[in-house]
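> What follows is the residue order along each chain.
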Amino acid sequence: MIDAIMSQDILMQWIIILPLLAIPGILLFHKAPNLREAATLIVGGLLLIAVIAFYQGFDAGEAPYVHWWELMPGLDIAFRAEPLGVLFSLVAGSLWLVTSIYAIGYMRGHGEANQTRFYCCFAIAISGVMGLAFADNLFTLFVFYEVLTLSTYPLVTHAGTDKARHGGRVYLSILLSTSILFFLFAIIGTWAEAGTLTFVQGGVFDTTTSKTVLSVLLVLFIFGIGKAAVMPFHRWLPAAMVAPTPVSALLHAVAVVKAGVFTILKVCVYIFGIDLLADLAITDWLLYLATAGVLLASLVAMRQDNLKKRLAYSTVGQLGYITIGALLATQAGVLGGALHIVAHAFGKITLFFCAGAIMVAAHKTEISDMRGLGKSMPITMIAFFVGSMSIIGLPPAAGMWSKWYLFMGTLEADQLAVMIILMISSLLNIAYLLPIPLRAFFDGERSVVTIRRDQIKEAPWPSLLALSITAIMTMVFFFWPQVFYGLAESLASIAGGTNG
Amino acid sequence: MIQHLPILQVIIPLLAAPICFILKEARLVRWFVLIANAMAFVISIMLLQQVNLHGTLVYSLGGWEAPIGIEYRIDELNAYLLILVTSISTITLMAAGKSLTKEIPESKITYFYIAYMLCLTGLLGIVATGDAFNVFVFLEISSLASYTMIAMGNDRRSLWASYQYLIMGTIGATFILIGIGLMYMMTGTLNLYDLAERLPEVEHTKTVFTAFAFFLVGVCLKLALFPLHLWLPNAYAYAPSIATVFLAATATKVAIYVLLRFIFSVYGFEFSFTHLPLTEILVSLGLLGVIAASIVAIYQTNVKRLFAYSSVSQIGYMILGIGVGTKTGLTATMLHLFNHALMKSAIFLALAGVVYRVGSVNIKAFAGLGRQMPWTMAAIVVGGLSLIGVPLTVGFVSKWYLVLALLESNMWPVAVLVLVGSLLAIAYIWRIVEVAYFKPALQNNQAYKEAPLAILIPAWIFVIANIYFGIDTSFTAGVSEKTAELLFGGVR
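Top line first, the protein sequences correspond to chains D and H.
Taking our numbering, the leading residue of the first sequence gets 455, the next gets one more, and so forth.
Taking our numbering, the leading residue of the second sequence gets 3, the next gets one more, and so forth.
A few of these clues could be false.
Cβ pair distances, simulated, as ranges [what the hints assert, rightly or not]:
| no. | chain 1 | residue 1 | chain 2 | residue 2 | range |
| --- | --- | --- | --- | --- | --- |
| 1 | D | Lys617 | H | Leu36 | 42 to 52 Å |
| 2 | D | Asn760 | H | Phe477 | 26 to 36 Å |
| 3 | D | Val670 | H | Glu487 | 28 to 38 Å |
| 4 | D | Gln655 | H | Ile297 | 41 to 51 Å |
| 5 | D | Leu919 | H | Phe477 | 51 to 61 Å |
| 6 | H | Pro442 | D | Trp522 | 36 to 46 Å |
| 7 | D | Leu495 | H | Glu452 | 32 to 42 Å |
List time: in silico EDC-like cross-link candidates among lysine to aspartate or glutamate, alpha-carbon distance up to 20 Å [claimed, not checked]:
| no. | chain 1 | residue 1 | chain 2 | residue 2 |
| --- | --- | --- | --- | --- |
| 8 | H | Lys366 | D | Glu647 |
| 9 | D | Lys617 | H | Glu436 |
| 10 | H | Lys329 | D | Glu647 |
| 11 | D | Lys665 | H | Glu410 |
| 12 | H | Lys208 | H | Glu272 |
Hints are computed from structural coordinates only; laboratory data are not their basis.
Even for Gly, the Cβ is constructed at its ideal location relative to N, Cα and C.
Isolated chain H, as found in the complex (with noise of 0.2 Å):
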């Protein structure tokens, strides 16, 4: 059983996914997808302690050894993802049985966990998975799934958000896909592992600098890196809240940990960083996106969409952090990935409650709400605190490694644009706790309650992790650190 537990990650969430359709009725189908959520967290718990009782896990599928049939490989770095990826989506799922029945007509909330299930066991598998071609299968699935998810949104503009997601995104799979074939034409193999091992034999070659541009760029529009991340705002902003918390949290999270695992452990340091001027094009994108989409955030009338816009900025944070090149920077990376998840959870989720009591998130419709709703307001407050990088929040913990980075390698001039970023976030949201607290209520007579516990809890869970993991970053920071050393020890 235990041996088995690499591939049980995923295959429970994909079994899950039919099983729904046979169930049917919508509440025995969400207590059934919480439960299946609920084992996928407690396996990805169970690999973490195999990972650190007996060090990287390698799991044949199939018997069929590595280079033949597909290999599942899990270390610190896979593992660390797998919680976070379950235990997100566990914690939404929670709240998700109240707020769909609100966003999702009666008949398709059954069709909407269906298309939640494939989109976790997609995302699990690009994660657990030793195989290139294996990572483009699963980003497909989930990529798939996610589409559905955000056509199901109540608004009419979430098909065209869809519709829009769907050709970028299939831009993006295609250029991963066109990489990892010319990868293959190269060296003869798919296996992660032994990609590492075979393309410094042939590094110098035009189609490997090629396949990395192509991989580069695909991946890059998975996990919106500015200029790419045109589909998100519309995505996030149009999707039912429960898809966009999930999405927020982990889907963008799982496409960085791609670009990692490629550009360190399968290309290694040094043919990204020294033979290619990654440092230059990852920090100036960076930066680009932390100033640019910080600033549109400032301007937005829809609060989903302004958080839409601020992920694409904190995604930003994150490209930095590996563009740095150095071990403080990746773990700021790390770091910032796991923070980020717990931030936009609680601003997702606590926005799903209003949409749930209010049913608008234009930002005239928060007025009076820091009295009507004042948890959920709170727990946006917090959020935001998070965001903004203020001292006892995660934001503060990775904003405090990203710069230290940056002053180590001499960026000093970054590192004050990414103090600037900070400042542009207190601009966007103050915007919020201004209307929210100042602002008296629209109509007199219609006061909303306050968010149902359903809900409320849930946000409430990540508020306070971003609370408890600011104060306490043993784990955090102990992790990001140790994964950050794994990624430069690199395979070779």
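Bound conformation, chain D alone (with noise of 0.2 Å):
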């Protein structure tokens, strides 16, 4: 419908500068909170409408490309949509909708002031990361990354206690100083290696290049993307907990962590190109080392009390798998890298819905303190169980796909140990997770901290709303992958591989 009015160009750049539109509309009625709000919802929905459209042109076959302007000799701000950008995009888009909806409840339950500039960055951040999708080459997704790490600054911030400024600041010195000494200088290496930052089918590289310097870029680049967490540049997630929850679930459990493994996936395949990388010795080491953070993220969230803590930590280890499907060089890996980017947003996003909605109606945040919660909020406790399969990767829940896939990644490319050791974790998924929500119905007696069951309800509706999406969409991809599956298999077979 939409393409009769707009070609897929067009339609692109709308979807990049759609979420700025709501802000103006979010200023105007800084007064009527629920006209503001109304903003968001609005240009939310365009935008899914608009993601939707575009991946249906997409799927139709078609591939636009819009250059914007060249800001140095060489270097441009373009865009190209390309598999793993539209997959993204459509997790994204669909995913602040939901959670617009979700923080309206949130927000207001619990009081939070300065709602206004909260709209206003998020917007701002959502911009971001629809540029960040489609960028077309490494120094527009620079940009947009940037951008990203800036307005999102304002959110991990946004209680302005000195927790939150300790907070921040860890988050900001982390993610800037990363991108800045090592990404970046990656970016300029690859510039003057390759002579060129357009992402290409199959890498930018030509055979002349030497692996040393192949090698140093591609360590760069990974510990560079300070957002895809790989220890030990990790710290920043738990930090920025301190963020209300709509944040930590949107942005640090969708947009921002996936911006990250989305670079990361992007330059593997389009940068360097599975075949090189399979080439290169260093891989195979900072494979071993994305596995032992997964092992140690997993350790450390069984020892977290604070629930978003916890939820953190095993946000780290989950981006580790999507960072090993990129370095395991095989289109398996790449296939579940990029499902579990899909997998473990809305299983992740689920979970902190749920946190947020604990701590909004029971003020809970520590775990121990959730016993026997289940009989006062059932519906919050079955989308936790549910989300909780989703990161382990059970069914009925999507997560189950993307794992399949990454453990065919891991046999292909001959990494047993590196199963082994993602089958462990898997089964500390279970035991830091499941706990939560079995001992919240069937706990009860022995709970800590005796609760009145008549003082605690759910959460209020728009919050219990939202997390009751995510939820059943969990499950719904379970059921019916075939979108996203799609999209990643389109990737896996750009990506090609000889081993694959």
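Two chains, two frames, a set of hints: combine them into the complex.
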């Protein structure tokens, strides 16, 4: 329907700009919260329609390219649609609307201040994500990467307390330092070496490039893309948990962190090419490092009693899965990595929504206080259960598919050790996630804090609606993964690879 | 008329200074000075057009031909710098009226404007002239005028700062004079282009090396290259805000121009980089400046001083670019010359706004200003992001070229340290951001208003320029590349 009105080129630019259009509305109605939130919701709805229409056009075989301007000779701000970008835009576009609904319930229920600034920064961040998703070259991607970093800083420090300021400091210093010191360095290095930054099928480096240089660049990329939270540069993610829960949910489970692993996948597939990647000895070492990171993150997550902190470390671990998928340098690995972007997004956002709902309704942040909550907050806890299943990789949740292909990828690449550790990590996922809903339902009697059940109700209905939607979506994508599978598969076939 | 443009560029501000004295009335003087500045700006634009049309302009003062008379020579490099100096000085003056009333006693304002015009004359003269001795004369004019301006600050320490600068500046000027004198002794000419022709014949003599060394050290003192920067932090911190903006944005840039002119055009690349280890000297000092000055900046409590140290580190970047000794490196230096002027003008003008309202630039006084003076603080934040080198600001463009130049010359450890410099910039910028946006205001009963528009608008002109030239680099990068080529072509 939409392609009758506008071409794919224009639609792609609209997707990037549309979130920004919410800002005038938000500012205009800053004294009338209902109208202000309506602005966000309307634009969010439009964005969802746009990304779906764009996907349909893309699926029909159109691959639009838009060139905005040349910033410096050879360095363009340009956009091109490719499967991974479309997949990412679909995830972020659909979850923004849901998160906005959730945020209305949460921010009001929690009585947060400065909500206008909150919604504005949120819109800028989403616009940054869309620009990043469609970036045609590393330079454009880097620009939007930094936009995303800076626009989320006020969201992390939203509370304005000393704790928030400290969290913001860790957040910004790690993300900016890694991006300037390693990522930018790697980009300029790539430019000096290959003479181009455009994402090309099969990679940009020619065969004469020295292996040492390539290895150094790969290391710089993997660590420089701090948003992917590869250990030891993951500390910003737990620190960012001081933000209001909708921020943690959309940005620090979906948009920001997925922007990180998205970039890693892009670099591996379109800058290096997985054939070249498989040839580099350093890839294996990075792979082991990422694997160790997954295991460590899961172990640390088990020790956290603060629910959001535990989820944050769980995210660090799950991001590691996607990095592993990219570094396996096989088709199945790339496929699994791409799918895990989707699966983890829906699963983890559900978990965060639940954590926020518990905080608003029951004022509980520590897991040990949540025993027996299931009786008073059944929907929240059931949703939590579904989200956990997806993170662990059990049916009937979307996470099963991605983990399946990731395991296939480890087999293809002959990395048995990696597979075993991923298995162990999945077991650890069970150990640190499932007890929470189970104890909520079945362990009420032994609850440490006496909960007066009559006083605790479910969270405000918008929040409840949002977390139900994402929980249901998580299960829907188990039964009908075709859309995302199709995109991930075409990415994998673009990636090619001889051992795939 | 058109052929007299090169001298008009210098003579107009020079004549304007004594006229101010006659006008006396501060408000009158203010408008008069602004008009004179605007005229100088227009002339500089016309000069660039002329250069683009006809190539290098040669103007003989008083009709006396070159070896006997003084010659003014405008090529693309000069024209570019003239525009930089005049445009920034004009925009800065727009804010002067408001800002000075708070910082300088009414009776002294006229004198400040006179000093300002003389300083401008000196800077423009240095850039426009093609005569070595003339360079020295104008350097002294601008320096003496800036000592005066700095001494007018309302802090008692400004006298001391001015005195400190006077001593260091005079040593620098003396060194420059000795250098020029030795060159004259060996070649019998003071004209830069004759010098360039005759120096190769005697370039292996110890005297020429000595001349070069004296000149280099003298100029580096003037441009505050680490560790010869000691005069700069106090001078910037305690000068009246408008003087700080003007000096920070233009004076050091002009000194760098002199350095470039002598290294590349007069002595030539061969002499400077092959016969002398200039790469090693400039790269190591530049790098040391970047890192050391940034670290010191982090620990400053006076925000003007903080940004003064930041200037020292940014000068380090420019010197690094020269030190690389390639065209890309020189392009990076030329770009940063322009870009840094934009950043620091925006920041120091915003600080002028803070001084106007709050009366202090101590970091503690910034508590709560994020809410009370949102536009002023936003200007500082954008300027700061530009200093850090965030994409879509000018700082990113110059950093990109600099790192690229370093990588092309296989100096990747230096490139890493340059990026570390950016991280240190984050540290000192964010100290201000955190205080301004997260600390509650000191006295709750005293709410500061936004800075007056007369200061805010010029500041935001620079802020917008910071973003505009970070997005559309065709002008800055184009001119920088052309001038880098020009300098590499040399006169020989």
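> Each hint should be assessed against the structure and marked as holding or not.
Taking the hints in turn, this is what the structure says about them:
For Lys617 (chain D) and Leu36 (chain H), the hinted distance range of 42 to 52 Å is satisfied, since their beta carbons lie about 50 Å from each other. Between Asn760 (chain D) and Phe477 (chain H), the C-beta spacing of about 53 Å breaks the proposed range 26 to 36 Å. At about 32 Å, the CB distance of Val670 (chain D) to Glu487 (chain H) agrees with the hint of 28 to 38 Å. The beta-carbon spacing between Gln655 (chain D) and Ile297 (chain H), approximately 45 Å, falls within the hinted interval of 41 to 51 Å.
Here the CB-CB span from Leu919 (chain D) to Phe477 (chain H) is close to 52 Å, well matched to the stated 51 to 61 Å. For Pro442 (chain H) paired with Trp522 (chain D), a C-beta distance near 42 Å keeps the hint of 36 to 46 Å intact. In this structure, Leu495 (chain D) and Glu452 (chain H) meet the distance hint of 32 to 42 Å, their C-beta atoms being roughly 33 Å apart. As the CA atoms of Lys366 (chain H) and Glu647 (chain D) are separated by approximately 47 Å, the hinted pair breaks the 20 Å bound.
The suggested pairing of Lys617 (chain D) with Glu436 (chain H) holds, with an alpha-carbon distance near 12 Å, which does not exceed 20 Å. For the given pair, Lys329 (chain H) sits about 18 Å from Glu647 (chain D) by alpha-carbon distance, which is consistent with the 20 Å threshold. Taken as a hint, the Lys665 (chain D) and Glu410 (chain H) pair is honoured in the structure, with Cα atoms around 18 Å apart against an allowance of 20 Å. Distance check on the hinted pair: Lys208 (chain H) and Glu272 (chain H) sit about 16 Å apart at the alpha-carbon level, within 20 Å; holds.
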